[in-house]
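K.L.:
The listed protein sequences derive, respectively, from chains A and B. Take any residue in the first sequence, count from 1 to its spot, add 766: that is its number in our numbering. Take any residue in the second sequence, count from 1 to its spot, add 9: that is its number in our numbering.
Calculated from the structure, these hints are not laboratory results. Please note that a few of the clues may not be correct.
As the list claims (entries may be wrong) - List of simulated lysine-lysine pairs, DSBU-like, C-alpha gap at most 30 Å:
{"id": "1", "chain 1": "A", "residue 1": "Lys-807", "chain 2": "B", "residue 2": "Lys-13"}
{"id": "2", "chain 1": "B", "residue 1": "Lys-128", "chain 2": "B", "residue 2": "Lys-15"}
{"id": "3", "chain 1": "B", "residue 1": "Lys-308", "chain 2": "A", "residue 2": "Lys-807"}
{"id": "4", "chain 1": "B", "residue 1": "Lys-130", "chain 2": "B", "residue 2": "Lys-255"}
{"id": "5", "chain 1": "B", "residue 1": "Lys-131", "chain 2": "B", "residue 2": "Lys-313"}
{"id": "6", "chain 1": "B", "residue 1": "Lys-15", "chain 2": "B", "residue 2": "Lys-308"}
What the hints assert, rightly or not - Which residues of chain B face chain A? A few of them, derived with a C-beta cut under 8 Å, are:
{"id": "7", "residue": "Ala-57"}
{"id": "8", "residue": "Ile-59"}
{"id": "9", "residue": "Trp-74"}
{"id": "10", "residue": "Ala-83"}
{"id": "11", "residue": "Ser-102"}
{"id": "12", "residue": "Met-179"}
{"id": "13", "residue": "Phe-218"}
{"id": "14", "residue": "Arg-221"}
{"id": "15", "residue": "Lys-255"}
{"id": "16", "residue": "Ile-258"}
{"id": "17", "residue": "Lys-262"}
{"id": "18", "residue": "Asn-264"}
{"id": "19", "residue": "Ser-287"}
{"id": "20", "residue": "Tyr-288"}
{"id": "21", "residue": "Asp-289"}
{"id": "22", "residue": "Arg-317"}
Backbone N, C-alpha and C fix where the C-beta goes; we use that ideal spot for every residue, glycine too.
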Amino acid sequence: MFSVIMNTRSRIYLIFFLSIGIIFLLIAIVQNQIEHYAIIKDFTGPQIVDFLDTYTTGFPRPPFV
Amino acid sequence: MATKQKKNKISVFLRPIDEHRIRIIRTLVQVISFGLINGVVFGLGRMAVILPIEYPSGGPFSTVWSAFEALQYAITFGMFPYLAVSIFLLVGSIFGKTSCGWICPFGAVQDMISYIPTKKKKVSRPTNKSLGKVGLVLVIFIVVMSVIIGASWANSDPHTKTAWGAGRDMPFSTVDPVSTIFATLYYYLKWGIQGDSVGAEIGQWEFLFFLRLAVLIFVLVMIVFYPRAYCRWFCPTGVILGFFSKFSILGMKINKNRCTSGCDACEKACPVQVPILSYDKNITDKACTNCGECIDACKEGALKLTLRF
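So that you can see chain A by itself, here it is in the shape it has in the complex (with noise of 0.2 Å):
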């Protein structure tokens, strides 16, 4: 299924970013980082209203939102 076609170089390279990679979910994973993500969830919280001002300041918002 794999061709063996990388160079050394490269493939140490892929290696070494993958392995990065794990160690950085494993971090993540640990110290529960899904957790500052889970805003979303709940999207019709008083958080998001702030969190939407990325996005909808420049125009007025009706007082009912």
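Chain B: place on chain A using the hints.
P.N.:
Just chain B now, with coordinates in the frame of chain A:
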């Protein structure tokens, strides 16, 4: 005899499908992923899942986080973005820029726009390479800006960053044309219609909104004439993923023994102007999105998408 004629008729009928089989498969994948990424329309829930695509996480129907927005969102809160960086590292190392060509919603929009019948323009190779650095400058600028916002947030008491205005959470999303298309314009129209005031409040528009629209119009006009212009020159996600193209597991491979006619049909078909014939084996260009247009164009079967190690 009749059976043979029938077979011939069928093969003539199926030829266009056979000639564009990768494009057909890719379009199907793009439509399905567009639906899943906008899954709130179909009742799917929003998830804290990060994908390396260009799409506003705060979009009205968005189900996932864009990795570049997630990166900014962590940095501006004084955190090291382990999760976002790991997604870039893992997806980039395994798939290269394949997500740009196959699942990115704005990539799909750019492909649709490229069907507008205008004479497509090409830029010279040095210009193409130089313009690719615009995205790199953008990435550096945005990351530095996010670090400054994050540092000011961490050092302020109580923690606040309101002084940074609309870009306090994700600086790039305040002018990002993708956010403008999929989020800003939607909210503007929805709230405008609900409040019965579309156009009426033109005097209340702020500079940022004009800037957003100007950037969007500029990018759209560019895409009409230069296919995938945003992808290859400006997209920050594309720049980061492009870094991994040199050694990603999934990638394009050319077999020079099969490439005998010397035609440059593959290079002509490539939407991002990769100099395919200048490569001996692996096509490791930073701009290549593994879209497979070159595979469809090559009549000699010299190109294929393959797993490399």
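K.L.:
So which hints don't hold here, by number, going up?
P.N.:
Hints 1, 2, 3, 18, 19, 20, 21 are the ones this structure does not satisfy, whereas the remaining hints hold.
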